[in-house]
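Let's have the full structure, built from the sequences with the hints guiding it.
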Amino acid sequence: MKLTPKTATLLVLAALVAITPFFFPSGYYYRVGALIFVNGLAVTGIVILTGYAGQVSLGHAGFAGIGGYACALAPVHLGLHPALAVVLGAVMSAALAWLVGRPILRLKGYYLGVASLGMGILISMVLNNERWLTRGPDGIDVPDLGLRGVLKDWGLNLSNGEFWYFFSGIVMILGAWAALNLHQSPTGRALRALHGSEIAARTVGVDVSRLKLQAFVISAVYASVSGSLLALQNKFITPDVAGFMHSIEMVTMAVLGGAGSVLGAIFGAGILTLLPQVLTVFAEYEQMVLGLVMMLVMIFLREGLLPSILRKLRGTGE
Amino acid sequence: MNRLTTTAIATLMALGLAPAAQAEIKIGATLSATGPASFLGDPEAKTLEMLVEEVNAAGGINGEMLELVMYDDGGDPNKARTFATRLVEDDEVAAIIGGTTTGTTMSIIPVAEDAEIPFISLAGAVDIIDPVKAWVFKTPHTDRMACQKIFEDMQKRGVTKIGMISGTDGFGASMQAQCKGVVGDYGIEIVADETYDPKDADMTPQLTNIKNTAGIQAVLNPGFGQGPSIVTRNYKQLAVGLPLYQSHGVASKGFIDLAGVEAAEGVRLPAAALLVADILPDSDPQKAVVTAYRDGFEKKTGTPVSTFGGHAYDAFMILKGALEKAGGEPAAIRDAIEGTTGYVGTGGIVNMTAEDHLGLDLTAFKMLEIKNGDWTIVE
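Chains as they are written, first to last, in my numbering: chain A, 1 to 318; chain B, 319 to 697.
Simulated from the structure, these hints should not be mistaken for laboratory data. Careful: at least some of the hints might be erroneous.
[Said to hold, decoys possible] Below, a sample of chain B positions facing chain A; criterion: calculated Cβ distance under 10 angstroms:
1. 406
2. 449
3. 579
4. 679
[What the hints assert, rightly or not] Residues from chain A that face chain B, not an exhaustive set, calculated with beta carbons under 10 angstroms:
5. 128
6. 138
7. 237
[Stated by the list, open to error] Chain B regions said to be covered by chain A (calculated; three or more residues, Cβ under 8 angstroms):
8. 420 to 430
9. 481 to 493
In this text, a Cβ means the ideal position worked out from N, Cα and C, and glycines have one as well.
This is how it looks when you write it as structure tokens:
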């Protein structure tokens, strides 16, 4: 059997998730790993939107906010199990993405960027100001997912850090699997066609606005689930999760690692999650170093870090 | 490129290895020294650095040197939680000081509780210690106490009907809610309730509404940052002519400068003794402590002292007291912190109990009135 790029990517991810813990000197590294996977999941959504369909969203953190606050609020107010709250958050994010995207994505150009920017800021404002519901800028407690307790009853006793490391890792791999399947499907091919040229795609019969809308809705679900995972892991959430900076972070991670490739984008998420931890010695220069890394990548490695490196390794000069 | 990488790695390693000299008790801190809350976190970080230096120069605690592991979370609760995990799991500290904001504190709490490491927060909200959590303490007064102090003073002046104008930021909104919760205890009624966005440049419409409400005898403005200065200026321009109360959130000289000496005249606000170190009577038990801290901080950093640095001072001194008594075991440290009694700090006199992990009462606040651009104590 020939190793397809899809299987290769999934194998690499699975191996990384399974093997790296053997090199962890302390439990703290599980936390960093879990954060990388949560970010990796959100960024996989960006790959579908930006890498496949060529659209830019500057408000994806808003969906992460919806997913996160769904886990905080639905169990308390609606009596839902936190796992169902994740689903509810994803459905709400998808519905909102559909509502916002439907009129906007009929237009060409950067309208989605501007509209999503406004949407993200609005969600963040609602979370900050509707104190009766969200308890405002100070944040709100999130109930326990309870899965760790279930595993314990089955005889699998994981620490909190270990549990979230493996759980987030598995969800991220599932997300990557879905994204890679989409890539190879007719929809994925049509998306890439419209990325190349909207007019050409339309000429050969691709329903451009419907496809762009699909990509936007799917990527919103990814962001929402990542927000839910973050909230459940931290057992606490503040409106920062929906903040503008978080949206920018997601796009930056994808672009840095390579927005056209799932593995590349996850690689970017890994680097941008790790850097602040490595750079604590230079905490005051952190932003500067991040900016510098970003600039260098944009100038010298335009496809993003991973695809450029892989190409160098293969030695193909195309 | 290769040489550059090697140099960078060598530098990183040198920086990482340098402070590892013979430290025996490790204490951790995650503070918001940069970002939107840096005006709180920066003096806190400087205070901790100064105090650890002082303690080590004086021979450490019971002969053991202190090592401070400090991270900057930039005010991001998610980062704060990661750094707290790092402090607990990787650096293996004996106790954590930090959580500059309520948001960062609330995300550190589960980590400290799970790992059973004592944690002293520097944030304001009453939720941090109410309900009491075994491993969590805090040093700053709560906004509920500020409300009580203000209402006590209003009551003395015979005020029964007030207007409130609150900021919609975390501080203003939380204090607004707390004040509404306790106002009934003082026989006072809120007859006008207005809000403003912290970025607003003019509060005249809200103040006009308050001014036109019948029977108002005083106005209270929970908020911090520039909002309260603008309220104070507009208040003067509208010639409302009733007593104006500000919160402890603006207890700094910067507020008087921004509002203007003329507009700030007669404004009252509750504040910690640290702010008025010079005019405290010599009989005041806090006088010696606050003067010493202020002089030390200003000499070391060249910047004026703030109550926020004072919260870090109190947290460190309470922890130091516990370490002297209990040694380096987290559980023993926790018990010793809970047993703190009669500690005289910058924020007041602290008497902790199993039910009270703050240990301050209303005497911790002084009621101040601004006269001729300076503070005076109201008694």
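Quick rundown of the hints versus the structure:
1. Contact between residue 406 of chain B and chain A, as hinted, is supported at the beta carbon level, the nearest pair being about 8 angstroms apart and thus within 10 angstroms.
2. With a least beta-carbon distance of about 12 angstroms to chain A, the hint placing residue 449 of chain B at the interface is violated under the 10 angstroms criterion.
3. For residue 579 of chain B, the shortest C-beta to C-beta distance to chain A is roughly 32 angstroms, which exceeds 10 angstroms, and the interface hint is violated.
4. Given the 10 angstroms rule on beta carbons, the hint for residue 679 of chain B is violated: about 24 angstroms separates it from the nearest Cβ of chain A.
5. Contact between residue 128 of chain A and chain B, as hinted, is supported at the beta carbon level, the nearest pair being about 8 angstroms apart and thus within 10 angstroms.
6. At about 4 angstroms, the closest approach between the beta carbon of residue 138 of chain A and any beta carbon in chain B falls short of 10 angstroms, and the interface hint on this residue holds.
7. Among the interface hints, the one on residue 237 of chain A holds; its C-beta lies about 8 angstroms from the nearest C-beta in chain B, closer than the 10 angstroms criterion.
8. Counting residues of the segment 420 to 430 of chain B whose beta-carbon sits less than 8 angstroms from any beta-carbon of chain A gives 6, enough to reach three: the coverage restraint holds.
9. Counting residues of the segment 481 to 493 of chain B whose beta-carbon sits less than 8 angstroms from any beta-carbon of chain A gives 5, enough to reach three: the coverage restraint holds.
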